[in-house]
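S.K.: Next come the chains, spelled out residue by residue.
There are 2 protein chains.
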Amino acid sequence: MTKEQEFLAYLKEIALLNEAVGLSEWDSQTGMPELGANYRAEMSSYLSGMAFDKSTNETMAGFMTYFENHPEELSDFGKQVYEKAKEEYDLNNKIPVDRFQEYMKLTSNAHSIWVKAREAKDYQLFKETLESIIKMNKEFIPLWKKNEATNYDVLLNQYEPGMTTEILDKVFDQVKEGIMSIRKEIAEKGQEPRTDFIHAAIPTSVQKKFVTTVIKKLGYDFSKGRLDDTVHPFMLNLNRHDARITTRWVENDFTVATFGTIHEAGHGMYEQNVDVKYDYTPLAGGTSMGIHESQSLFNEIIVGGSQAFWNKQFPLLKSLTGDTFEGIDNQTFYNGLKETKSSLIRIEADSLTYPLHIIIRYEIEKMIFNQEIELEDLPTIWNDKYEEYLGIRPENDLEGILQDVHWAGGSFGYFPSYALGYMYAAQLHHAMNQEINVEEILGSDDYSPIREWLTKNIHQYGSSRKPNQLIMDATGEALNPVYLLDYMKKLYFNVYGINE
Amino acid sequence: MTKEQEFLAYLKEIALLNEAVGLSEWDSQTGMPELGANYRAEMSSYLSGMAFDKSTNETMAGFMTYFENHPEELSDFGKQVYEKAKEEYDLNNKIPVDRFQEYMKLTSNAHSIWVKAREAKDYQLFKETLESIIKMNKEFIPLWKKNEATNYDVLLNQYEPGMTTEILDKVFDQVKEGIMSIRKEIAEKGQEPRTDFIHAAIPTSVQKKFVTTVIKKLGYDFSKGRLDDTVHPFMLNLNRHDARITTRWVENDFTVATFGTIHEAGHGMYEQNVDVKYDYTPLAGGTSMGIHESQSLFNEIIVGGSQAFWNKQFPLLKSLTGDTFEGIDNQTFYNGLKETKSSLIRIEADSLTYPLHIIIRYEIEKMIFNQEIELEDLPTIWNDKYEEYLGIRPENDLEGILQDVHWAGGSFGYFPSYALGYMYAAQLHHAMNQEINVEEILGSDDYSPIREWLTKNIHQYGSSRKPNQLIMDATGEALNPVYLLDYMKKLYFNVYGINE
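Respectively, the protein sequence lines represent chains A and B. In this text, residue positions in the first sequence follow UniProt numbering: the first is 1, and each later residue adds one. In this text, residue positions in the second sequence follow UniProt numbering: the first is 1, and each later residue adds one.
Think of the hints as simulated: they come from the structure by calculation, not from any bench. Beta carbons are placed, not taken as given, at the ideal position from N, Cα and C, and that holds for glycine.
DSS-like, lysine-lysine: derived pairs with alpha carbons at most 27 Å apart:
no., chain 1, residue 1, chain 2, residue 2
1, A, Lys138, A, Lys94
2, A, Lys208, B, Lys209
3, B, Lys208, A, Lys209
If you want the ones that stay clear, here's a sample from chain B, every Cβ over 12 Å from chain A, calculated:
no., residue
4, Thr2
5, Phe77
6, Glu83
7, His111
8, Lys146
9, Asn147
10, Asn370
Excised from the complex, chain A in its bound form (with noise of 0.2 Å):
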């Protein structure tokens, strides 16, 4: 064997032991006994603790060191392998591997407590392990900082390789204003879009028949992949020939189930067309959340905020409904479906509002990294937020801060990745019109060349390149928020009758 040799099969025992992680995690999530929870900590915490100590140990550290001085034996792939995984070592090596075995542990216990106080409704019984969580993380950065500017730009790093609060703060504020003034125009001219047929009683399994339909048309594939049932919504790829999808099922609301899977299926089409030559290195799987995100944004706002998809989409579903939407015609149907008002909860959120519940989760983020806030306040933050963006206040912590998993899993500055994705699809959407006419194939019968363009310019690269590569090398340009308030003006604009 080589040294390059060896250096893959050693990285493929990482890979290996991610996957039987991933595979306990997902089992946590989609069924596993509840009082199995205590046991399932344990397993998990062993078996990512040794893959965190492979990435960090003595052998690795030889790796790092033999091809540092001797890069001449390497390969062009075994150099782009090299240069993610010492990225990788050096973000995990400033870590003590009993201090993260413990994160590992309290992250996964945060969970079913997390579970508990929304089922409580008080985010008083989250506040303690919140508080413990933040408190590792904050112990953390100090090991993690190379030259960020901030605290929280450590952390977004994290997830978005690149990005900084100096450049959101200016794309976030422009984004803000375009949303508000869209809005603005919205409320004093506006027609209002009928809704009703929103809430119609629809089972779960007619739901479910409709969403397969719909997510395989797409380009899912049901053979590299599976969809389950969760409260929170969420793809999980153990390899490219595993990534699975879970959806939450509300019988009142046909919409919930059938953007959350068109917005779950775009992340797993993006690991399933990862190319295979990635397989059991670090740069198998997406490169960053932003980019994920633009890829099940591209699903959910542009595909499923497309008149000619719904055109070709509504007639099969009222074919699985009986009478349930006659009288209803495409229009109506489509107006109601991209109807925008103010809301409390992020998931629900329509298209245009929802970068707003973004830039809220960014702004307490950044308070509780860059500044000293009191974790006690932080709800009533949040609800005075929700007030000043949305003019809405939540009326318990269900309905605000208790709403989302990540900061139990100890995600912090991932959310923006959600306002990228946003971001990113539009500009993808904008780059590929110059190719192919998106309009026309969603009202055609093969959605293919979108998902053949998608993966041949983001999905096939998996984690070879980084975030701001590929969108300028896929759109030509870096990122631009213009095509997304272009996007959402135009289309808002049209559901509400409003004439430029």
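With the hints as your guide, set chain B onto chain A.
M.R.: Below, chain B without anything else, positioned relative to chain A:
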């Protein structure tokens, strides 16, 4: 850390790895995406290889030698754990690694060859593979052998410690004769029960509701388990708080899932009630295949064979199934459930004829390992025995010698466990009846005293006691087939209206 604590921590690592392998196995049988199989094989073999390595490597050898020379450093508990670990170490370590790997490869390939032979209904396609597996077992037996009387005793002992051909020859002769005589009486004087309603169509969702209610009442704890769908039902325990069961649903025969689920729940209840102190040691989990089967069969044959039980549960089934069972009274229903007749397929056999299927396999396995027979002759030997004991003859190898998966996996000496389970279950039932009135409890609304008796006498001990000791302590005597024969006679004479 004391040396004992070190040893226990090391064993815990092995247990956690096995737990991950177990989860992977469960997932691959319940819903893994089809194309994920090859990736999954990599992960499973990596993890199980690591567990095996830890069980046999220098570190483990070090613990074995150390405690052999310093038994005084072990607590009573540590001594129990050490002895069990030593047994397993000796078993694993007797075979040279390369031969063991060869054997794993052979049995792994054998499975698909067996599947192909089944499809062709042709034993000849499997014969050569079977020959190699038997040959390797014959190579290993002298390495495993301690003081067992015959080669086949060595294999028997791996599944049921302390069991011998000497005991089984005697016991099985008695069982064979007893069952033959009951069958003769039934054939001469019995009144055939009505069975048409067994094949009424009942939707899976309704069956699921029914059996879920029933096994909960029996004591299967869903907060420590779950029920999934598979072609081949099984119970798989990750730990005592996560003992999962599966079943197969047949819409036109509710008895398949009903008795199947009740059976697997018995396995699950065993694992769910092992004493917490054995966690993460080789003493966690059931002590032998025979004792495990005694728990599943207690549920299936004793509880599921009780008229009082069905007098209570049939009304529930009726209430869930509209007019499906209109005009069927309790006695008719019960009699239909307990019909007995000759059949060719073991897993479809009724409780009276089942032990004959096992005795046939036992006799053949003994011939293979204790005599020199031509494997060429196996199908004829098999078919002749079915004709002799059950009065029917397989028309092809799929109905005959190819029906069971065990030999393809190299499991020789396993089959007798099923019959032991029958005998143990009846013997435990007899002993239980000295303390509590089982039929009265099964006619009541609270079955918990039964589960509690089994936990007190069997479950709690995990693998800390050998099968013969458990049976002796729980029933006051060694294995005695008379209880099974008495039970069967009484039950079937009742069903077939025979007065003695």
